[in-house]
Amino acid sequence: MSVLVKSLLGGAVAGSLLMGATAVADEIAAGHVYDLGRPATPEEIAGWDVDVMPDGTGAAMGQGTAAEGEEIYMVQCAYCHGEFGEGLERYPVLFGGEDTLASGNPVKTPGSYWPYASTLYDYIYRAMPFGQAQLMTPDQVYALTAYLLYINFVIDDEDFVLSNENIGDIEMPNREGFIADSRPDAQPAEVCMSACDVPTTVVGRAAIIDVTPDNADDAPAIVLE
Amino acid sequence: MTETNQAPATGTGSRAAGHPSSRGRRQFLRAGAGVAAGAAATVAGGAALGRPGVAGATEIDPGNLPPNVPMWGHYLGDGVDAEPYGSPSPHEAHVVRRNVPWLTATTESSVNFTPIQDLHGFVTPNGLCFERHHAGTAEVNPAEYRLMINGLVDKPMIFTMEDILRFPCESRFYFMECAANSGMEWRGAQLNGVQYTHGMIHCVQYTGVPLRVILDQVGVKPNGKWLMAEGGDASGMNRSIPLEKALDDTLLAFAMNGEMLRPSNGYPLRLVLPGWEGNMWVKWIRRIEVGDQPWFAREETSKYTDLLADGRARYFTWEMDAKSVITGPCPEKPVLHKGVNQIKGLAWSGRGTVKRVDVSLDGGRNWMQARLPDPVLPKCLTCFNAEFEWNGEEVLLQSRVIDDTGYVQPTMQALQKVRGVNSIYHNNSIQTWLVNKTGEVENVRLG
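Residue numbers (this note's numbering), protein chains in the order written: chain Z, 1 to 225; chain R, 1001 to 1447.
Please keep in mind that the hints were generated in silico from the structure rather than gathered at the bench.
All values derive from a computational prediction rather than experimental measurement.
Honestly, I wouldn't trust all of these hints.
Unchecked claim - No farther apart than 20 Å at their CA atoms in a straight line, the calculated lysine to any residue pairs in the SDA-like style are these:
hint: 1; chain 1: R; residue 1: 1303; chain 2: Z; residue 2: 103
hint: 2; chain 1: R; residue 1: 1355; chain 2: R; residue 2: 1308
hint: 3; chain 1: R; residue 1: 1417; chain 2: Z; residue 2: 184
hint: 4; chain 1: R; residue 1: 1417; chain 2: Z; residue 2: 32
hint: 5; chain 1: R; residue 1: 1225; chain 2: Z; residue 2: 58
hint: 6; chain 1: R; residue 1: 1417; chain 2: R; residue 2: 1225
hint: 7; chain 1: R; residue 1: 1303; chain 2: Z; residue 2: 181
hint: 8; chain 1: R; residue 1: 1155; chain 2: Z; residue 2: 89
hint: 9; chain 1: R; residue 1: 1221; chain 2: R; residue 2: 1186
hint: 10; chain 1: R; residue 1: 1355; chain 2: Z; residue 2: 104
hint: 11; chain 1: R; residue 1: 1417; chain 2: Z; residue 2: 58
hint: 12; chain 1: R; residue 1: 1303; chain 2: Z; residue 2: 32
hint: 13; chain 1: R; residue 1: 1437; chain 2: Z; residue 2: 204
hint: 14; chain 1: R; residue 1: 1303; chain 2: Z; residue 2: 202
hint: 15; chain 1: R; residue 1: 1221; chain 2: Z; residue 2: 30
hint: 16; chain 1: R; residue 1: 1417; chain 2: Z; residue 2: 106
hint: 17; chain 1: R; residue 1: 1155; chain 2: Z; residue 2: 106
hint: 18; chain 1: R; residue 1: 1155; chain 2: Z; residue 2: 45
hint: 19; chain 1: R; residue 1: 1355; chain 2: Z; residue 2: 185
hint: 20; chain 1: R; residue 1: 1245; chain 2: R; residue 2: 1355
hint: 21; chain 1: R; residue 1: 1155; chain 2: Z; residue 2: 98
hint: 22; chain 1: R; residue 1: 1303; chain 2: Z; residue 2: 35
hint: 23; chain 1: R; residue 1: 1417; chain 2: Z; residue 2: 45
hint: 24; chain 1: R; residue 1: 1303; chain 2: Z; residue 2: 173
hint: 25; chain 1: R; residue 1: 1417; chain 2: Z; residue 2: 185
hint: 26; chain 1: R; residue 1: 1245; chain 2: Z; residue 2: 31
hint: 27; chain 1: R; residue 1: 1417; chain 2: Z; residue 2: 87
hint: 28; chain 1: R; residue 1: 1417; chain 2: Z; residue 2: 181
hint: 29; chain 1: R; residue 1: 1245; chain 2: Z; residue 2: 181
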């Protein structure tokens, strides 16, 4: 018998190793505080706490103008988003799209869709430029945010100073365009099991659309006996 | 039983080349045996161009068929440790994740798809779980990993992975579905394969620490009503989560299917929000902030909001509606034989447990109840199956799930009536597969 097994079989030893007096572990108790982890220091929090709320809560100290932002944009952003924010290849379009949301081809941009300006700052700071994230200064990000607001006609003065003081006050065009989740929806009056009145004519075929990735090895093998 | 069901002999030859292993020796011996038997000619399968695992036997050595004893019945195979971390049979090399290149600008901010047509049971193997990244896979050294919790808490704290692994944990099976699964199908049948129409889903056993246990360590202030989960990758993925969900069944998971998370699935720690859209399951989670209001981050405003026909959009559409799909037959799995065939599929509900699955052979005019083999677990993929006789005529296959809240999987017509066609997200409509007279299966739209 191994030393370990002997130890575990020795009640006195096991009792000192296991938490609690019984041989059954307690349920996970609500509110139990373990001696694990340590306090986060203000410096540590400052390095990671980069988010901004719609009312501006949490916005880092800083400021910038659209005029300043345009210069940064051309160097850091135009390569993917285009010189005019038109979006190259499949990269996101950053301007326009007004009055398209109810159309057959909705164009979702900060001007046409985004409800809060804070989201622009929050996202640009944390994720942009793509593959070079969290390397810009707050001033640069305020300037870029101001530039995007400017090309979307949210602000009309390229020297308007956007800052942590006023980013929560910006009113976005589609602020009222969002509604709460009202699902579950689209429910049938009853669950039909037989002779259901449903259309059964084939009106569309993916094989004809033909956008499924090509792979010669994927060709279906049809073998009938 | 026909020869066409034999798996192809792919890969072994090239793998053996240059390896003085027992496998190489077997290969050599097999060649000799073939000559000795005077049967160098091979039986070509009926479908030389066939895909592996379906019907595509490329070569069959008669020497391995009865009454002969096959090579593997005579000679030694690899010893233990030939592969310290095992891998699937080379005959299953076609069972892989695939992406749709035209969907996104880069692979670093993209998605691929779980090959659900080739899976069995409800558990997804870790290497086949679909990936969705916004800035590529973060390569995190667990020794350098830190989880920070701050905001409206009594005590902002930092935890290491060693700390996390010392908390009590639980293991539970959950499905995880991207809100955009089937998102390319709103306007019509587009992608001809169930991997592409329904493959942004996986189901694994997650092991992790209940988030409520971690929140107890920092003490949420009375005005703390929302959490923001933030990823440590170069997209800094952030989503707002109501406190009630965090205190309910949310996990901070470090393992999937018994092993530590794969890097592409959030190693070393990710959020698990059972039943809710996959985008919120923040990977490589570095920080949780407690707040008194939601953040309206980019991924919950610009993306992952559901545009309706009138131009307004639903926001915070977290729960995944009940959904089901037949994973065989499907475009990748044609009907190969007349007579009896098995329908198999998967069903799930983000609101609870699958109660019933019906299948139809005539496009939804008549339905029969499918079998639901055990186990049937909440917020978990659930298998269903049923037989059908195929006589060579066209068949319109459908499945329809009902969950334990009474929710019924809708038709696309019913969904479009409420939501239009611009939603992108949360398409859980009934899928139709057309089995044509040759046995091929197509993704079609009925109207």
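Numbers of unmet hints, in rising order: Numbers 2, 4, 6, 8, 9, 10, 11, 12, 14, 17, 20, 21, 22, 23 and 27, in rising order.
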